[in-house]
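As a plain string of letters, each chain reads:
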Amino acid sequence: MLRHGAGGRAMRSLIEEVFLRNAPELSEREVGPRAMDDGAALWIGDRWIVVTTDSHVVHPIVFPGGDIGRLAVCGTVNDLAMMGATDVLALTCAAVLEEGFPRAELERIRESMEAACAESGARIVTGDTKVMGRGELDGIVLNTTGVAVTSRIVRDSGLRPGDRIIVTGSIGDHGLAVMAARHALKLEGNLRSDVAAINGLVRGALDAGGEGLVAMKDPTRGGLSSALHEMAGKSGVGILLEEPRIPITDAVRAAGELLGIDPLHVANEGKAVIGVAPEAVDVVLEALRMHPLGREAVVVGTCIAERPGAIILDTGVGRRLLAEPEGELLPRIC
Amino acid sequence: MDSTRQLKFRDPATARRLASTIARVTREIGRSPVSVMHVCGSHEQAIAKFGLRSTFPKELNVIMGPGCPVCVTDMPEVDEGVALARQGVAVASYGDMLRVRGTALSLSDVQAEGARIEVVYSATQAVELARRTKEEVVFFATGFETTAVATAAVVRSHPPDNFSVLSAHKYIPPVMEIVAEMPSSRVEGFLAAGHAATITGWGIFEAFVERHGVPVVVAGFEPLDILAGLARLVELVRDRKPAVENMFPRCVTKEGNRRAQEELWSVFRLVGGRWRGIAHVPNGNLRLRDEWAHLDARRRFSIDIASLWDGAPPALSADCICGDIMSGIASPSDCRLFGKECVPDSPVGACMVSSEGTCKIWHQYGGHPDLGAS
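In the order they appear, the protein sequences are chains A and B.
With my numbering as the guide, the letters of the first sequence map in order to residues 1 to 334.
With my numbering as the guide, the letters of the second sequence map in order to residues 1 to 374.
Simulated from the structure, these hints should not be mistaken for laboratory data.
The beta-carbon is built from N, C-alpha and C at its ideal position, and this holds for glycine as well.
Accuracy of the hints is not assured; some may be wrong.
[Claimed, not checked] A few chain B residues facing chain A, derived, Cβ under 7 Å:
#1 Pro12
#2 Phe50
#3 Leu52
#4 Thr55
#5 Pro223
#6 Gln364
#7 Tyr365
Turn these sequences into a full structure, and let the hints steer you where they fit.
Put into structure tokens, the structure is as follows:
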């Protein structure tokens with residue numbers, strides 16, 4: 001079953017076959033489980049309530065650039081933001097602990113959750129704690145659920161031929177930082193997770209782009225490749241991705257080559273993939289770059305009518321299709 | 001790696017220039033297809049990763065030959081490792097080999113049964129492993145002359161008494177002869193692997209060129225190395241000039257690394273043997289010389305592989321065309337298992353197991369490397 005855990009196709013078919021079998025149909029303007037978007041959007045007469053939930057396991061639980069607490073808050077805040085809901089009403093937090101989990105470590109995790117809440121304007125309003133026996137789980141599992149209200153919904157399926165694809169910054173940092181930490185690899189360079197709440201960044205882009213911002217997704221599990229495949233598949237477009245334009249740090253590139261892992265296939269926890277109509281590209285880029293988390297925002301691709309669902313990678317010296325992550329590249333990282 | 005230096009060999013403008021040379025020269029040959037072969041998994045990796053096939057003209061057929069050492073390791077050789085592990089010996093192996101099935105089982109199958117299999121990244125690591133234990137440690141030595149040189153070095157380095165070598169090393173030059181002589185072969189030129197040639201030197205190909213009348217170009221592994229190598233190769237084909245050309249002079253000399261060669265031949269001798277899926281290759285296998293008998297696992301242990309042969313191989317493997325793919329007769333897209341029953345998570349054939357196997361590489365890079373440039 002492990003291979004279902006890293007995002008990608010195996011995970012999607014597991015969800016479709018098991019959990020979506022009897023899933024409810026929502027009204028047309030709503031977003032329900034069958035959409036497999038970043039969250040659900042429920043219509044309440046004049047606006048939507050957006051709800052999303054995410055369980056977090058990561059090894060090691062503290063890694064360069066963050067820890068499981070920061071990840072749990074940012075992941076859920078970002079999922080709300082990807083639906084267009086950038087003002088977080090509230091978060092819940094459920095913690096499942098292995099017996100004997102050190103209290104000091106738990107407090108440190110709480111502190112980093114508080115810090116991430118402060119950065120994102122979120123607050124945790126209710127929670128639950130369970131303890132399981134030694135060996136029944138590995139350390140700690142954190143679940144967070146987020147609720148927000150919004151007057152505009154952005155889907156991951158809104159791309160049209162001609163739209164441009166923007167990434168808000170460097171790709172592959174979280175996945176490779178966690179992997180390097182897990183394997184205790186001594187690598188040169190500053191390999192750090194990008195885990196951050198990007199609701200503020202996204203708010204700026206939404207305000208600037210208006211209706212010209214047509215689709216959004218955060219490239220978490222399965223990385224940029226998985227996010228683009230989902231967006232292209234649901235939207236019915238192909239995407240021509242220009243590899244030399246994709247921002248990737250030297251440290252990530254080197255770690256990826258060493259481990260034989262493509263940075264495009266690993267998780268990011270502080271980035272967004274944004275589909276923008278051509279006429280809105282400049283204003284959206286400008287808004288993104290004004291934000292500290294969006295300085296490196298850049299156009300990396302263009303949607304095309306040919307090859308719907310496929311990502312064509314232009315490497316600068318040739319072209320090929322980008323593979324969709326199948327299942328397990330590596331043990332779970334988020 | 002120094003990224004600026006690396007980027008020098010990935011320059012798009014130069015790549016386009018070379019690609020258009022390849023296209024023009026191939027058309028000047030006036031035949032279709034013009035088939036050339038490379039014999040190295042690392043070449044296929046780079047060709048697929050950078051999407052170079054999309055820049056080749058449709059008249060040019062660049063075939064991947066038997067260049068994946070994991071893929072050509074024969075089933076009985078895997079059986080020997082499996083049997084040793086079952087006999088209670090610790091077997092140290094390169095990770096790629098673990099999921100390759102022998103006649104009945106793979107090393108990872110017996111690992112699941114509780115046998116001690118250790119993944120190592122170098123021959124030296126296997127020796128270190130032996131130093132840390134009193135148990136017998138056998139290094140399952142696989143790969144071409146490139147890794148064989150590393151094995152030779154540890155054999156000569158006075159390893160501990162509990163260390164021995166099960167050599168499944170293969171030697172590339174003889175298999176090129178086999179492929180060149182295959183009746184179905186239409187290979188008009190070979191791209192030789194730069195890293196192997198750093199050891200053997202490019203001079204080793206002169207006799208081959210003379211015998212078979214086809215050109216050989218030695219090439220490196222960056223996109224521009226490969227494109228430049230192919231451009232020169234099709235020129236030689238066009239000009240009907242069977243010659244050896246070194247397009248990787250920053251690493252390869254005519255003589256090669258003399259000291260590495262001396263070490264290699266002081267430890268190994270050539271014997272004939274089967275390459276999985278291909279043929280019996282005279283002088284294709286590297287085995288330990290008699291002087292090193294005390295380090296030869298085949299002589300130290302009595303290896304009972306017959307006991308593994310009860311179970312029949314799975315039915316699917318009858319449809320596997322790895323052998324044809326490695327001989328350059330077929331490509332993964334010709335296989336009805338590719339990407340369906342046979343995927344990296346549950347490989348049927350050896351070509352889907354190894355990171356140097358054509359099927360694994362094609363699958364990893366999108367499955368359609370012949371994507372046309374638009």
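Against the structure, the hints come out as follows:
Checking Pro12(B) against chain A by beta carbon gives a least distance of about 4 Å; that is within 7 Å, so the hint holds. Restraint check, Phe50(B) versus chain A: the minimum CB separation of about 5 Å is within 7 Å; hint holds. The beta carbon of Leu52(B) is positioned within 7 Å of a beta carbon in chain A (closest approach about 4 Å), and the interface hint is therefore held. Hint status for Thr55(B) relative to chain A: holds, with the closest Cβ pair at about 5 Å, below 7 Å.
Interface hint at Pro223(B): satisfied, since its Cβ lies 4 Å from the closest Cβ of chain A, which is below the 7 Å cut-off. With a least beta-carbon distance of about 6 Å to chain A, the hint placing Gln364(B) at the interface is held under the 7 Å criterion. Annotation: interface hint on Tyr365(B) holds; nearest CB of chain A at approximately 5 Å, less than 7 Å.
Of the numbered hints given earlier, the model fails none.
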